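Asks: So the chains spell out like this:
There are 2 protein chains.
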Amino acid sequence: MEPRISLITLGVSDLGRARSFYEALGWKGQTVEETVFFQAGGLVLTLWDRGKLARDCGLEEHGPTGFGGIALAHNVRSAAEVDELIETARRAGATVTRPAATTFYGGYAGVFVDPDGHAWEIAHNPGFHLAADGSLTVPDFGSP
Amino acid sequence: MEPRISLITLGVSDLGRARSFYEALGWKGQTVEETVFFQAGGLVLTLWDRGKLARDCGLEEHGPTGFGGIALAHNVRSAAEVDELIETARRAGATVTRPAATTFYGGYAGVFVDPDGHAWEIAHNPGFHLAADGSLTVPDFGSP
Numbered sequence: 001m002e003p004r005i006s007l008i009t010l011g012v013s014d015l016g017r018a019r020s021f022y023e024a025l026g027w028k029g030q031t032v033e034e035t036v037f038f039q040a041g042g043l044v045l046t047l048w049d050r051g052k053l054a055r056d057c058g059l060e061e062h063g064p065t066g067f068g069g070i071a072l073a074h075n076v077r078s079a080a081e082v083d084e085l086i087e088t089a090r091r092a093g094a095t096v097t098r099p100a101a102t103t104f105y106g107g108y109a110g111v112f113v114d115p116d117g118h119a120w121e122i123a124h125n126p127g128f129h130l131a132a133d134g135s136l137t138v139p140d141f142g143s144p
Numbered sequence: 001m002e003p004r005i006s007l008i009t010l011g012v013s014d015l016g017r018a019r020s021f022y023e024a025l026g027w028k029g030q031t032v033e034e035t036v037f038f039q040a041g042g043l044v045l046t047l048w049d050r051g052k053l054a055r056d057c058g059l060e061e062h063g064p065t066g067f068g069g070i071a072l073a074h075n076v077r078s079a080a081e082v083d084e085l086i087e088t089a090r091r092a093g094a095t096v097t098r099p100a101a102t103t104f105y106g107g108y109a110g111v112f113v114d115p116d117g118h119a120w121e122i123a124h125n126p127g128f129h130l131a132a133d134g135s136l137t138v139p140d141f142g143s144p
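Chains A and B supply the protein sequences, listed in that same order.
Those letters in the first sequence? Residues 1 to 144, by our numbering.
Those letters in the second sequence? Residues 1 to 144, by our numbering.
Derived from the structure by calculation, the hints contain no laboratory data.
Just so we're clear, the structure is a prediction, and the values are computed from it rather than from any experiment.
A hint or two may mislead.
[As the list claims (entries may be wrong)] Calculated lysine to any residue pairs in the SDA-like style (CA-CA distance at most 25 Å, straight line):
| hint | chain 1 | residue 1 | chain 2 | residue 2 |
| --- | --- | --- | --- | --- |
| 1 | B | K52 | A | F128 |
| 2 | A | K28 | A | L15 |
| 3 | A | K28 | B | M1 |
| 4 | B | K28 | A | A131 |
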């Protein structure tokens, strides 16, 4: 398996609301057969009905129950950009679950959840190289 | 907000087991302060304690309860690769929740969950261009 992720699908309860939220953040989607696709750099972010997604995965669905076990992160180039983006998300309907603050690793970050409860950390982490094309590189920690 | 995802963190209950699983699939991690980082193309896949991740997100944690609301996908270049990869994952400790089969969109795909219940679809989708560098492109559906 090549170490890469091609596509991330977020289960949502209201496709129109979810698409509007991400478009209010600046993303541009296409809706095809009750599915929204966003190009996200080299991968694809997809929105689809949560119950259908669960069934498609062969998994039991108990509805959103707080934390779903996964957090997405979007890294930016400055602390000021973290503040701006968290505020943009809040105005678009996100709930800020961790206000932006300095982090133990010397960065600055905050967390919001989208209207379906999916967690996004917005982070400025000077220790991880963020290239002009948006790709993020893990430093060589010299760790096993 | 630029349309991109920098990092995905999977909440896990046993960091060593989770790292071993992804390394058995062919990924190469580094462990730093009880966190495992994998370079995954232009983004980073991270493994971290599920309870700590929930608290870090400011969210309530009720433990894994079936479907978590998100599915990851890894696209490959042929149906045969789907079969091979699902079998590799099964041998590494994954549970196959949807055996590989032809899909309604003319592709071929199956789904497994990793040892912590995170869903991965392995898909061959001839309608989405998979570049040599692993990047996946949404076609122009001509849809609004």
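Asks: Hint by hint, which ones does the structure fall short of?
Replies: Result: no hint breaks.
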